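Protein chains: 2
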Amino acid sequence: MADRTSIPRRHFIVGAAGTACAGAALATGASPALAQDGALPDYVAWKEPDAFVRHSAQTLETRRSEIGSLITPNDVLFVRNNLPSMTAEEVGEPEAWTVSVEGVAEPRTMTLAELKALDVTQVASVLQCSGNGRGFFEHETSGSQWMTGAAGNVVWTGVPVASVVAALGGIAEGARFMTGTGGEKIPEGIDPLTVMIERSVPVAAHERAILAWEMNGEPLPLAHGGPLRLVQPGFYGVNNVKHIKRLAFTEEESQAKIQQTSYRVRDVGESGAPDQPSMYEMNVKSWVTHPLMEAETGRVLINGVALGGAEDLAGVEVSTDGGASWAEARFLGPDLGPYAWRPFVLAADLAAGTHRIASRATTAGGTTQPEEFPPNHRGYGHNGWSAHAVDVTVG
Amino acid sequence: MADRTSIPRRHFIVGAAGTACAGAALATGASPALAQDGALPDYVAWKEPDAFVRHSAQTLETRRSEIGSLITPNDVLFVRNNLPSMTAEEVGEPEAWTVSVEGVAEPRTMTLAELKALDVTQVASVLQCSGNGRGFFEHETSGSQWMTGAAGNVVWTGVPVASVVAALGGIAEGARFMTGTGGEKIPEGIDPLTVMIERSVPVAAHERAILAWEMNGEPLPLAHGGPLRLVQPGFYGVNNVKHIKRLAFTEEESQAKIQQTSYRVRDVGESGAPDQPSMYEMNVKSWVTHPLMEAETGRVLINGVALGGAEDLAGVEVSTDGGASWAEARFLGPDLGPYAWRPFVLAADLAAGTHRIASRATTAGGTTQPEEFPPNHRGYGHNGWSAHAVDVTVG
Numbered sequence: 001m002a003d004r005t006s007i008p009r010r011h012f013i014v015g016a017a018g019t020a021c022a023g024a025a026l027a028t029g030a031s032p033a034l035a036q037d038g039a040l041p042d043y044v045a046w047k048e049p050d051a052f053v054r055h056s057a058q059t060l061e062t063r064r065s066e067i068g069s070l071i072t073p074n075d076v077l078f079v080r081n082n083l084p085s086m087t088a089e090e091v092g093e094p095e096a097w098t099v100s101v102e103g104v105a106e107p108r109t110m111t112l113a114e115l116k117a118l119d120v121t122q123v124a125s126v127l128q129c130s131g132n133g134r135g136f137f138e139h140e141t142s143g144s145q146w147m148t149g150a151a152g153n154v155v156w157t158g159v160p161v162a163s164v165v166a167a168l169g170g171i172a173e174g175a176r177f178m179t180g181t182g183g184e185k186i187p188e189g190i191d192p193l194t195v196m197i198e199r200s201v202p203v204a205a206h207e208r209a210i211l212a213w214e215m216n217g218e219p220l221p222l223a224h225g226g227p228l229r230l231v232q233p234g235f236y237g238v239n240n241v242k243h244i245k246r247l248a249f250t251e252e253e254s255q256a257k258i259q260q261t262s263y264r265v266r267d268v269g270e271s272g273a274p275d276q277p278s279m280y281e282m283n284v285k286s287w288v289t290h291p292l293m294e295a296e297t298g299r300v301l302i303n304g305v306a307l308g309g310a311e312d313l314a315g316v317e318v319s320t321d322g323g324a325s326w327a328e329a330r331f332l333g334p335d336l337g338p339y340a341w342r343p344f345v346l347a348a349d350l351a352a353g354t355h356r357i358a359s360r361a362t363t364a365g366g367t368t369q370p371e372e373f374p375p376n377h378r379g380y381g382h383n384g385w386s387a388h389a390v391d392v393t394v395g
Numbered sequence: 001m002a003d004r005t006s007i008p009r010r011h012f013i014v015g016a017a018g019t020a021c022a023g024a025a026l027a028t029g030a031s032p033a034l035a036q037d038g039a040l041p042d043y044v045a046w047k048e049p050d051a052f053v054r055h056s057a058q059t060l061e062t063r064r065s066e067i068g069s070l071i072t073p074n075d076v077l078f079v080r081n082n083l084p085s086m087t088a089e090e091v092g093e094p095e096a097w098t099v100s101v102e103g104v105a106e107p108r109t110m111t112l113a114e115l116k117a118l119d120v121t122q123v124a125s126v127l128q129c130s131g132n133g134r135g136f137f138e139h140e141t142s143g144s145q146w147m148t149g150a151a152g153n154v155v156w157t158g159v160p161v162a163s164v165v166a167a168l169g170g171i172a173e174g175a176r177f178m179t180g181t182g183g184e185k186i187p188e189g190i191d192p193l194t195v196m197i198e199r200s201v202p203v204a205a206h207e208r209a210i211l212a213w214e215m216n217g218e219p220l221p222l223a224h225g226g227p228l229r230l231v232q233p234g235f236y237g238v239n240n241v242k243h244i245k246r247l248a249f250t251e252e253e254s255q256a257k258i259q260q261t262s263y264r265v266r267d268v269g270e271s272g273a274p275d276q277p278s279m280y281e282m283n284v285k286s287w288v289t290h291p292l293m294e295a296e297t298g299r300v301l302i303n304g305v306a307l308g309g310a311e312d313l314a315g316v317e318v319s320t321d322g323g324a325s326w327a328e329a330r331f332l333g334p335d336l337g338p339y340a341w342r343p344f345v346l347a348a349d350l351a352a353g354t355h356r357i358a359s360r361a362t363t364a365g366g367t368t369q370p371e372e373f374p375p376n377h378r379g380y381g382h383n384g385w386s387a388h389a390v391d392v393t394v395g
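From first to last, the protein sequence lines are chains D and L.
Here this note's numbering is used: the first residue of the first sequence is 1, the next is one more, and so on.
Here this note's numbering is used: the first residue of the second sequence is 1, the next is one more, and so on.
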């Protein structure tokens, strides 16, 4: 894969490690960091090795300089697994993969082949870890110290959950949640609820969910939940259950720890609890992807990406003076819909010196990124524009 | 790369060699065919080996079953080189690559780095060889016997030619063509005009052209014209000059053979001449990508792709009875603009037996694919829906 383009990628790689905020990433890493060069772990050996900041074998962050395109190529998309990815042996024949659909009028188990014959759609949506930007918080947080690179823009192909529901007679009365369960093997001797991947989302979210078997035109790789994954457009990554084996419409939320107490937003020092907000819909966000460290004097094109979460974007502004003044940037390329991100560009003339470059997106509904984002115990959902700014030396 | 997805691709691969029309491909191949398995030639060794029908080392056709996605992944995109691809050694440092811009008020040579600082845009457009579909003609034609797979849908990133022109004071008076010249080395002892890649398009086409350095978010691979390529959205592949070294606004068309007599549409048996139509804008076209050979009785999803050339699509119809009756198909996913293709789907109930499945697209301007496409000497531009139909055995 290193030879994929036959063009050295070095020019395009400026690591998050080069930004002003990288100190945080180095200071607090909870899991042992992988070497930053050499081969990637076997299950992601097909990825572009130079594209990632390696937090651990299960957490690979796309470098900030690698992320500016309309669609994120599969081999540079970030990796985050709460449990080790299933293996080809565990998965078996992909077309024979089954998912049990429950909490509908006519519950039954369906194979991937059956789902493929039922209906199909394609949706572009951002996949983003709840903790993306965690490294920007000033308080100490446990978990991967993601900066900007636990996010990517993906075109998913799969069957609308609404079509599955319609084929099975509709949702059972009283259901308030859609609950997806992953097929990962739970090690013996461990209470399954403490580690299993099972997430519930409000039942209305099923209207835009899909069961996806393809990612950017390729069969869904195992590292990303192949052969079948729940995709919940506009929702944080954890709700997009990998290797999905069960899709249930339920009255109650899952009892799994990942639902009950993890991914809950609360004040620093508090424990997670079911009455706290869960990490569901993403908030509006943007960040600059170029330049990140240095630029020559004169005209420079400032690039970045912006997403509205589950809303269309009204626009994105860029500042080259740390937020004292702003100019409206221009979006690039086709609009892939409300769940996708949009690359943007602004041409600026920069004099010699250091410039703090920031971006600030606003949704069609009028929500703008805040300057500061309040701390929360686990460091979720950071979209403050100030922390995402970069200091660029010009001259 | 074979292990890229960790999921066998075999299920997704049904070759053009399996269709009813493959006989034509086998009967007339002018260049020696490559083995259909094993390693690909070095310059495309990063591509997915199983994705291609191999006509020659310079001509790799994407299998019909591999082509149905919104964006065509780089590693399954077809390859067609009129001259051998430039090597990394010949190209040198990509950012230092130069293109000479001539026929403007202030002609000068620009580096790739300068172009990147000037402006940027992203355009989705179909790249398609003029001879795509050549294998469907009943008369004997020289050249690669492409069926459907000399086409792909690509997101290009680069600088608008209009921005380059504006920066250099505008187009010189009297220019009627935009002429692009490739940087490929011409072997000694050969008249350069007989082999050089130099194409002229009507000057107005510059308004939508870009000089592209990125393809689907990756640096433009050498096999596809890296580090810099002219992209002429809506025009056949030959006009998208690879390794571009010169972009000139000229009063006359290029004197190169590839412009003067090749890629000219004429009756069977006639020689190519400059007064014949050149292969410029693509015509409306569509083809089914699934199923191709077999299906089970009952509900089946018929998939395919449709393009309007340089026009938006009004719709696409599908027939399961060889064109006796038609049903309107549904487009999938976001609309990437007039130069892109759109995947489509139609759900059908098929009884046991053989069904001839066809598709027929219509542009917003009202142009519909013809049932038959008239023969022409070199087998260019085939968009007849009848020949593109597939016979599917159900039961």
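Derived from the structure by calculation, the hints contain no laboratory data.
From a predicted model like this one, the values you see are computed outputs, not experimental measurements.
Every residue gets a Cβ at the ideal spot worked out from N, C-alpha and C, and that includes glycine.
One or more hints might be untrue.
[Said to hold, decoys possible] Now the in silico label distances, taken between C-beta atoms and shown as ranges:
{"id": "1", "chain 1": "L", "residue 1": "GLY365", "chain 2": "D", "residue 2": "ALA105", "range": "45 to 53 Å"}
{"id": "2", "chain 1": "L", "residue 1": "GLY337", "chain 2": "D", "residue 2": "VAL195", "range": "43 to 51 Å"}
{"id": "3", "chain 1": "D", "residue 1": "ALA352", "chain 2": "L", "residue 2": "THR261", "range": "33 to 41 Å"}
[Unchecked claim] Some chain D residues close to chain L (C-beta under 7 Å, calculated; not the full set):
{"id": "4", "residue": "LEU70"}
{"id": "5", "residue": "ALA117"}
{"id": "6", "residue": "VAL203"}
{"id": "7", "residue": "LEU332"}
{"id": "8", "residue": "LEU336"}
{"id": "9", "residue": "VAL345"}
{"id": "10", "residue": "ALA348"}
Hints and how they fare:
GLY365 of chain L and ALA105 of chain D have their C-beta atoms about 46 Å apart, which keeps the hinted 45 to 53 Å range intact. In this structure, GLY337 of chain L and VAL195 of chain D meet the distance hint of 43 to 51 Å, their C-beta atoms being roughly 45 Å apart. Take ALA352 of chain D and THR261 of chain L: their Cβ atoms lie about 55 Å apart, and the range 33 to 41 Å is violated. With a least beta-carbon distance of about 5 Å to chain L, the hint placing LEU70 of chain D at the interface is held under the 7 Å criterion.
Of the supplied interface hints, the one on ALA117 of chain D holds, with its beta-carbon coming within about 6 Å of a beta-carbon of chain L, less than 7 Å. The closest approach between the C-beta of VAL203 of chain D and any C-beta of chain L is roughly 25 Å, which is over the 7 Å cut-off, so the hint fails. Annotation: interface hint on LEU332 of chain D holds; nearest CB of chain L at approximately 5 Å, less than 7 Å. Contact between LEU336 of chain D and chain L, as hinted, is supported at the beta carbon level, the nearest pair being about 5 Å apart and thus within 7 Å.
The beta carbon of VAL345 of chain D is positioned within 7 Å of a beta carbon in chain L (closest approach about 5 Å), and the interface hint is therefore held. For ALA348 of chain D, the interface hint is violated, the least distance from its beta-carbon to any beta-carbon of chain L being 11 Å, above 7 Å.
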